[in-house]
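Residue strings, one per chain:
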Amino acid sequence: MIYLQLLWVFVKIGVLGFGGGYAMLSLIQHEVVDHYAWMSTTDFADMVAISQMTPGPISINLATYVGYTTAGFGGSLLASFALCLPSIIMVYLILRLFMSKRNNALMDNTLKGLKPAIAGLIFAAGLSMMNLQNFPDFGRGQYNISVIICVLAFVASYFFKANPILLIVLSGVVGFFAY
Amino acid sequence: MKKPLQLFYTFFKIGAFTLGGGYAMLSMVEKAVVDQKKWIPNDEFWDMIAVVQSLPGVFAVNTALYVGHRVAGAKGAFAAMLGAIIPSITIILLLATVFREYRDQPVVERIFKGIRPCVVALILAPSLRMIKSAKVTWKTAIIPIATVLLIWWCKISPAYVILAAIAGSLIYALIIRHKTQDAGGNPPVPLSRGSRPTSCVSKSKSQKEKEAES
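Chains A and B, in that order, are what the protein sequence lines are. The numbering of the first sequence is my numbering, which starts it at 1 and goes up by one. The numbering of the second sequence is my numbering, which starts it at 1001 and goes up by one.
With the rest of the complex left out, here is chain A:
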């Protein structure tokens, strides 16, 4: 049963995963934390950090990790292959049917229209991870270290395009000394 659920979840994400790794991350977050409740929001945040720091596509890393924690080794292989399955079919069809420039322009414009909605989707995932599990010291004591880390990391990432791996390592160091 868990295998079927994993298959369904990741095939669905493979079909609807427009807009890159973070868009897929948001879809995975909704399915595994909100919908199926396979893990807590802190577990998911830890997985995202580890997936971000390891080489390879973040969505494949996440799929492997989610599959492993929910259904062991078999689950990890199943989840990653399920994520690739729609791609296999689509790339094959496109190479077979020959995609004309005219249709490509249509696809391009559709994607442009889709972009604001995907941005909203990713933002919603970030919002739903803003909770007391991930910010345990919020509202307690004078200094909210978690809030400070979040704001500084946001500024560094948004305005200065800081390397995400560097930011994760730095906030890990801060956490080590602060808590």
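What the hints contain is simulated information worked out from the structure, not anything from laboratory work. Honestly, I wouldn't trust all of these hints.
Claimed, not checked - Sample of chain B residues at the chain A side, in silico, Cβ under 8 Å:
1. Trp1039
2. Val1120
3. Pro1158
4. Ala1165
Claimed, not checked - Straight-line Cα separation of at most 27 Å, BS3-like style, residue types lysine-lysine; simulated pairs:
5. Lys1179/B to Lys112/A
6. Lys1139/B to Lys112/A
7. Lys1075/B to Lys1013/B
8. Lys112/A to Lys1132/B
9. Lys1037/B to Lys1002/B
Given the structure is predicted, the values throughout are model-derived calculations rather than measurements. Think of the CB as a built atom: it goes at the ideal place given N, C-alpha and C, for glycine as much as any other residue.
Given the coordinates of chain A, work out where chain B should sit on it, guided by the hints.
Just chain B now, kept in the frame of chain A:
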């Protein structure tokens, strides 16, 4: 070495050593496939990348499937895809087993307590950058705001929201295509039509100027 094996090796190297996902990987693929192996001519490669980019799913996997299929058919596609994902799967499985052992250690817990708020920031920042690059105006800001509220507030599954957004943008794209076709389709008529509005504009302008003077 046979081509599928070469493809596997090429994408395995890329999968094992590129941090930062899809777009960081692209220049490495280009270097290996276009410059060194000369499997695909440069312009064809970038034409197809433009198509592959518009597909859903993992960009690195889509690229591997396309290059593999183009170079060595179905076997090549499969070999390239495996090469792209096997490093990820192996490394994550190793880390996951190690992390499971040590995650309850106080030191690890402290480190991850610091990391979690950073992860939240790392998810929020690209979404705002995306809004900026999509040139969202005050008028179109309703789209991302509605998406956030539907998913976060109303708890509607993102799958439905994406499907609705795809339908909406497809209709929009079809309208754009229709309009551009009308403009380019029959040149003589728009030309004669076009001259009229400009004269109207100049008239109304001069009228306004007169009104301003009086």
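Exercise for the section: Compare the distance between the alpha carbons of lysine 1075/B and lysine 1013/B with 27 Å, and conclude whether the hinted pair is satisfied. Expected result: Answer holds: lysine 1075/B to lysine 1013/B is near 19 Å, not above 27 Å.
Practice task
Would you check the hint for lysine 1179/B and lysine 112/A, treating anything up to 27 Å between C-alpha atoms as holding?
Solution key: 17 Å, holds
Handout entry: Hinted contact valine 1120/B with chain A - closest CB pair below 8 Å
Key = 5 Å, holds
Exercise for the section: Verify the interface restraint on proline 1158/B: the C-beta must sit less than 8 Å from at least one C-beta of chain A. Expected result: Hint holds; proline 1158/B Cβ to chain A Cβ min 5 Å, cut 8 Å.
Handout entry: Restraint satisfaction for tryptophan 1039/B [CB to CB of chain A, less than 8 Å]
Key = Tryptophan 1039/B check fails; min Cβ-Cβ to chain A is 15 Å, beyond 8 Å.
Exercise for the section: Sort out whether lysine 1002/B lies within 27 Å of lysine 1037/B, counting only the CA atoms. Expected result: 13 Å, holds
Practice task
Measure nothing beyond the straight line between the CA atoms of lysine 1139/B and lysine 112/A; if it is 27 Å or shorter, mark the hint as holding.
Solution key: 16 Å, holds
Practice task
So, alanine 1165/B near chain A? Judge it on the closest CB pair being under 8 Å.
Solution key: 4 Å, holds
Practice task
Would you check the hint for lysine 112/A and lysine 1132/B, treating anything up to 27 Å between C-alpha atoms as holding?
Solution key: 12 Å, holds
Hint check: a violation occurs at hint 1 only; the rest are consistent with the structure.
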